[in-house]
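The chain contents come next:
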Amino acid sequence: MALATLMVHQAEYPGFGICWNMFDALSDKLKKVLKDLRGEGRLTAEHLDLALREIRIALLEADVNFKVVKDFIERVRSKAVGQEVMQQLSPGQQVVKIVYDEMVEMLGGTSSRLIFTSRRPNSVMIVGLQGSGKTTSTGKLSMWLQKNQDRNPLLLSVDVYRPAARDQLAVIGKAIGMPVFEGQGINDPIELCRAARLHCEQVGFDTLMIDTAGRLHIDDALMDELQRIKQEMQPVETLFVADAMTGQDAVKSAKEFHDRIGTTGVILTKMDGDARGGAALSVKEVTGQPIKFVGVGEKYDALEPFYPERIVSRILGMGDVLSLIEKVQSEVDEKKALELQEKMERNAFTLEDYRDQLSQVKKLGSLDSILSMLPGDMFKGMPKLTPEMTAQMEVELKRTEAIINSMTSTEREDHLIINPSRRRRIAMGSGTKINDVNKLLKQYAEMKIVMKQMMEGEGMMGGLRGKVARKLTGIGSKRKKVKKKKRR
Amino acid sequence: MSNRFMGLFWKRKSGSDFISLGLNTEPEPGQPEQFAEQPVKALESEPVKAAEPVLPVVVAPSQPVETIAETVPEVRAADEPNFMARFRKAVTATRENLSSRLEDAVKGRKTIDAETLNDLEEALIGADIGVQTTFEIIEDVRRQVDRQSLKDADELKGIIKRHLLDILEKAEKSRGIASETSVADDVRPYVLMVVGVNGAGKTTTIGKLAQRIKADGYDVLICAADTFRAAASDQLAIWAERAGVPLIQQKQGTDPAAVLFDSLKAAKARNSDVLIVDTAGRLHNKANLMAELEKMRRVAGREVAGAPHETLLVIDAVTGQNGLSQAREFMKVADVTGLVLTKLDGTAKGGIAVAIAKELALPIRYCGIGEKADDLVVFDPATYVDGLFA
Ligand SMILES: Nc1nc2c(ncn2[C@@H]2O[C@H](COP(=O)(O)OP(=O)(O)OP(=O)(O)O)[C@@H](O)[C@H]2O)c(=O)[nH]1
Ligand SMILES: Nc1nc2c(ncn2[C@@H]2O[C@H](COP(=O)(O)OP(=O)(O)OP(=O)(O)O)[C@@H](O)[C@H]2O)c(=O)[nH]1
Ligand SMILES: [Mg+2]
Ligand SMILES: [Mg+2]
Numbered sequence: 222m223a224l225a226t227l228m229v230h231q232a233e234y235p236g237f238g239i240c241w242n243m244f245d246a247l248s249d250k251l252k253k254v255l256k257d258l259r260g261e262g263r264l265t266a267e268h269l270d271l272a273l274r275e276i277r278i279a280l281l282e283a284d285v286n287f288k289v290v291k292d293f294i295e296r297v298r299s300k301a302v303g304q305e306v307m308q309q310l311s312p313g314q315q316v317v318k319i320v321y322d323e324m325v326e327m328l329g330g331t332s333s334r335l336i337f338t339s340r341r342p343n344s345v346m347i348v349g350l351q352g353s354g355k356t357t358s359t360g361k362l363s364m365w366l367q368k369n370q371d372r373n374p375l376l377l378s379v380d381v382y383r384p385a386a387r388d389q390l391a392v393i394g395k396a397i398g399m400p401v402f403e404g405q406g407i408n409d410p411i412e413l414c415r416a417a418r419l420h421c422e423q424v425g426f427d428t429l430m431i432d433t434a435g436r437l438h439i440d441d442a443l444m445d446e447l448q449r450i451k452q453e454m455q456p457v458e459t460l461f462v463a464d465a466m467t468g469q470d471a472v473k474s475a476k477e478f479h480d481r482i483g484t485t486g487v488i489l490t491k492m493d494g495d496a497r498g499g500a501a502l503s504v505k506e507v508t509g510q511p512i513k514f515v516g517v518g519e520k521y522d523a524l525e526p527f528y529p530e531r532i533v534s535r536i537l538g539m540g541d542v543l544s545l546i547e548k549v550q551s552e553v554d555e556k557k558a559l560e561l562q563e564k565m566e567r568n569a570f571t572l573e574d575y576r577d578q579l580s581q582v583k584k585l586g587s588l589d590s591i592l593s594m595l596p597g598d599m600f601k602g603m604p605k606l607t608p609e610m611t612a613q614m615e616v617e618l619k620r621t622e623a624i625i626n627s628m629t630s631t632e633r634e635d636h637l638i639i640n641p642s643r644r645r646r647i648a649m650g651s652g653t654k655i656n657d658v659n660k661l662l663k664q665y666a667e668m669k670i671v672m673k674q675m676m677e678g679e680g681m682m683g684g685l686r687g688k689v690a691r692k693l694t695g696i697g698s699k700r701k702k703v704k705k706k707k708r709r
Numbered sequence: 026m027s028n029r030f031m032g033l034f035w036k037r038k039s040g041s042d043f044i045s046l047g048l049n050t051e052p053e054p055g056q057p058e059q060f061a062e063q064p065v066k067a068l069e070s071e072p073v074k075a076a077e078p079v080l081p082v083v084v085a086p087s088q089p090v091e092t093i094a095e096t097v098p099e100v101r102a103a104d105e106p107n108f109m110a111r112f113r114k115a116v117t118a119t120r121e122n123l124s125s126r127l128e129d130a131v132k133g134r135k136t137i138d139a140e141t142l143n144d145l146e147e148a149l150i151g152a153d154i155g156v157q158t159t160f161e162i163i164e165d166v167r168r169q170v171d172r173q174s175l176k177d178a179d180e181l182k183g184i185i186k187r188h189l190l191d192i193l194e195k196a197e198k199s200r201g202i203a204s205e206t207s208v209a210d211d212v213r214p215y216v217l218m219v220v221g222v223n224g225a226g227k228t229t230t231i232g233k234l235a236q237r238i239k240a241d242g243y244d245v246l247i248c249a250a251d252t253f254r255a256a257a258s259d260q261l262a263i264w265a266e267r268a269g270v271p272l273i274q275q276k277q278g279t280d281p282a283a284v285l286f287d288s289l290k291a292a293k294a295r296n297s298d299v300l301i302v303d304t305a306g307r308l309h310n311k312a313n314l315m316a317e318l319e320k321m322r323r324v325a326g327r328e329v330a331g332a333p334h335e336t337l338l339v340i341d342a343v344t345g346q347n348g349l350s351q352a353r354e355f356m357k358v359a360d361v362t363g364l365v366l367t368k369l370d371g372t373a374k375g376g377i378a379v380a381i382a383k384e385l386a387l388p389i390r391y392c393g394i395g396e397k398a399d400d401l402v403v404f405d406p407a408t409y410v411d412g413l414f415a
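Quick note, the sequences are listed as chains A and B, same order. All the letters of the first sequence, read from the start, carry residue numbers 222 to 709 under the numbering used here. All the letters of the second sequence, read from the start, carry residue numbers 26 to 415 under the numbering used here.
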């Protein structure tokens, strides 16, 4: 099971995560720069100057904060200079690829799963500027949590200021069939929180969704109020709602909210518009907190997990270059996958390969979402996974990766040399226990045995040989064709 | 433009003269407002769509008139300079304003060099003025530096100020006609439609406008044509009540054009001077929602000649470059005549409105500087630009 999960290959599920051609705003100038830059081998300072100048403009036009752009460009420059240019790409395109990868990295993985504790109720606080979409998002997120994380939320508005703000949440609650705490007669945010919490305890709601009033980050009194609510409720998540149309000022509000309230994540709303959404990059950079969800409409099911690849291509607005890069990348991935299959056939699947697979999985997003993308017949007869189980698995995946990261490359190539003293060092380095390391090594050894059996057509999975092996390594039938073409 | 400091907030034209109709800004004590007595029946009208006929609901102020008179802050012409001062404060009171960035750009430098220009470029982009407008300004500065006609920081500031002011004033002149002063007094009701993307501040702005226009002695009616968003009309009803102005609304989900139709009939029946129309927030790339606006405009035009006489696009001051795309699309579909720049009390200074004014020659008419009823001011280019550089 774990094996199958680990080995799902990204490209096997097109349409997931990447949708390049949405925007084609590539400036003519950049097109020319990309075309004109010729030369084999390595990226030179000249290549970089020309390409990065245009990329800077693209980022500024997409509303990425100018300071964030400046730092980002410098980071890319120092990373890229001297890098080898991939055969299929021009130097300019290679720069775009580096920019793309760096931005995806900067935005982090997909982490739409909220982590709850056993305390009842867990509170989730929704904060942000006026009109950013807090109340609507509160409704959307409640529905999402009920559906995807099996939570049983109670909704609460502590917006005692804006006209009909509490009515609005009440109407939303009705529309989505979720209970809303009315707190009639109570007009103090903290009092409302306390009363709602008590109600949760009495009735058995496990999650209290707190919609707060919109406020300016420079409004001391109201920011102080948020701090007090947070102090009182100790929420497991404090989500900052940011409008995708926000410009340069995004850094100031996001930072101030984060510094004063301690936000734990971001919901980026109104992404169904045509804003490029550069604010996402700004907000992530100044708060360091992950963007967890995007709002894509006014209806209450218009909430999606955040996929960095999507927004990066949207911010860059370079559809055609990016699809080329994507093609090249998938060829690289295919080569890797073929290598992997061969390795499995030779039973030479190393810990290094294992880690590669893990990072592929991570790129995909949460296990939950991966599992839901898989064809059902892959798991026939297996017990259904609860969200708690997949959450647990995710924690284990992270641990596994940390452990392998702490190994030397020789250790990764040959796990047999990992003796007790090496195990101790690895455990220390990865912040885990020796037991964890032992467990991983045992798991890996078992994995190799299963693979061997599969490849030799023995054991319980023997009959599935070709199909399963291909599935596991990510080489689908489509890929087979490509492979044949190449051989011709 | 000059009437701003002289007289009333709101002014209608009668013949060729400006005549203040706001002889008395307060309701006669003790005398109930006329609309409160009008039976709802009289407002009934055939719905635009042959849907089930829903009675339009008029929400009239529920408080006795005495209390309304008390709760409505006295907003009067005499306060206009006061508003200006608050406007200036809102624009100026930013922790890191354009001016200080400019100061930084020129600090310790004798000559204006490439680096100064770089910093200047960042300062302008940082104010959301946009890449293109910024590049044009910088280009002009660069030329003047080359010609040696520009030497020190103060001159530099002056040049940029002049640029921005030019843009804003040009926009005022080109579309300045589209305001209440250009529509004859006997055209009733003067229809003012308010449009914009979600959450920009339309409803709040309408609440503020209603209060100020009423305070100048006009009879205002509000139309709650946002029948989509949860509790949108409840929100507007509270604003209407605060301002002491009647409101026409129907239940959620009704065709907004039908609500508008009812409101136009009602406004005519009660001889209202001004009808303000709230619309649902809509993203400009949604064709169906934009078509809905078009339909509303057609309905308005059929009922009242030349209506809507004014269409204000509300832009949130934190908006980035997408503001341009918003303005283009709304202009195409709804023939926008001016902008309202809201939330200027934050740290964002709404530079995108300058870019919009430049590209589309749209004047900024009002600014929102807070969430209270009197937090709306008439936009004044000079004050704004000065504020940016204070
Ligand atoms: N198109 C679109 N509209 C959205 C989205 N999220 C929210 N909205 C709309 O944005 C507007 C403001 O949303 P609210 O949820 O009221 O915003 P808020 O942050 O609670 O506002 P305040 O409480 O007044 O500060 C409404 O018209 C919503 O329907 C989104 O993802 N897409
Ligand atoms: N600080 C500040 N807040 C404002 C201003 N104008 C509006 N707001 C706030 O912005 C939020 C959204 O305002 P609304 O008037 O509901 O916006 P809207 O455009 O009608 O929103 P939808 O109808 O949902 O599209 C509310 O919380 C208002 O109180 C302003 O000038 N300054
Ligand atoms: Mg709200
Ligand atoms: Mg509204």
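In short, the hints are calculated from the structure, not lab data. Just so we're clear, the structure is a prediction, and the values are computed from it rather than from any experiment. Heads up, some of the hints might be wrong.
Claimed, not checked - So these bits of chain B aren't anywhere near chain A, every CB distance computed over 10 Å:
1. Ile184
2. Arg187
3. Arg213
4. Gly232
5. Ile263
6. Lys311
7. Gly326
8. Asp341
9. Gln346
10. Met356
11. Lys368
Stated by the list, open to error - Derived contacts from chain A toward chain B, CB cut-off under 8 Å, selection only:
12. Leu281
13. Leu437
14. Lys473
Claimed, not checked - No more than 25 Å apart at the CA atoms, straight line, and that leaves these computed lysine to any residue pairs for SDA-like:
15. A:Lys520 to B:Val156
16. A:Lys291 to A:Met327
17. B:Lys397 to A:Lys520
18. A:Lys291 to B:Leu142
19. A:Lys660 to A:Ile638
20. A:Lys520 to B:Glu147
21. A:Lys288 to B:Glu147
22. B:Lys397 to A:Val297
23. A:Lys288 to B:Lys397
24. A:Lys368 to B:Asn313
25. B:Lys397 to A:Lys556
26. A:Lys619 to A:Glu525
27. A:Lys291 to B:Lys397
28. A:Lys288 to B:Ile163
29. A:Lys556 to A:Met672
30. B:Lys276 to A:Met399
31. B:Lys397 to A:Met672
32. B:Lys186 to A:Ile278
33. A:Lys288 to B:Ile162
34. A:Lys660 to A:Ile639
35. A:Lys291 to B:Glu140
Beta carbons: idealized from backbone N, C-alpha and C, even for Gly.
Hints and how they fare:
| no. | hint | verdict |
| --- | --- | --- |
| 1 | Ile184 | holds, 21 Å |
| 2 | Arg187 | holds, 23 Å |
| 3 | Arg213 | holds, 28 Å |
| 4 | Gly232 | violated, 8 Å |
| 5 | Ile263 | violated, 4 Å |
| 6 | Lys311 | violated, 8 Å |
| 7 | Gly326 | holds, 28 Å |
| 8 | Asp341 | violated, 7 Å |
| 9 | Gln346 | violated, 5 Å |
| 10 | Met356 | holds, 15 Å |
| 11 | Lys368 | violated, 6 Å |
| 12 | Leu281 | holds, 5 Å |
| 13 | Leu437 | holds, 5 Å |
| 14 | Lys473 | holds, 5 Å |
| 15 | A:Lys520 to B:Val156 | violated, 34 Å |
| 16 | A:Lys291 to A:Met327 | holds, 14 Å |
| 17 | B:Lys397 to A:Lys520 | violated, 29 Å |
| 18 | A:Lys291 to B:Leu142 | holds, 15 Å |
| 19 | A:Lys660 to A:Ile638 | holds, 16 Å |
| 20 | A:Lys520 to B:Glu147 | violated, 38 Å |
| 21 | A:Lys288 to B:Glu147 | holds, 8 Å |
| 22 | B:Lys397 to A:Val297 | violated, 46 Å |
| 23 | A:Lys288 to B:Lys397 | violated, 34 Å |
| 24 | A:Lys368 to B:Asn313 | violated, 30 Å |
| 25 | B:Lys397 to A:Lys556 | violated, 63 Å |
| 26 | A:Lys619 to A:Glu525 | holds, 23 Å |
| 27 | A:Lys291 to B:Lys397 | violated, 39 Å |
| 28 | A:Lys288 to B:Ile163 | holds, 19 Å |
| 29 | A:Lys556 to A:Met672 | holds, 20 Å |
| 30 | B:Lys276 to A:Met399 | holds, 21 Å |
| 31 | B:Lys397 to A:Met672 | violated, 69 Å |
| 32 | B:Lys186 to A:Ile278 | holds, 24 Å |
| 33 | A:Lys288 to B:Ile162 | holds, 20 Å |
| 34 | A:Lys660 to A:Ile639 | holds, 13 Å |
| 35 | A:Lys291 to B:Glu140 | holds, 14 Å |
The structure does not agree with the numbered hints 4, 5, 6, 8, 9, 11, 15, 17, 20, 22, 23, 24, 25, 27 and 31 stated previously, though it agrees with the rest.
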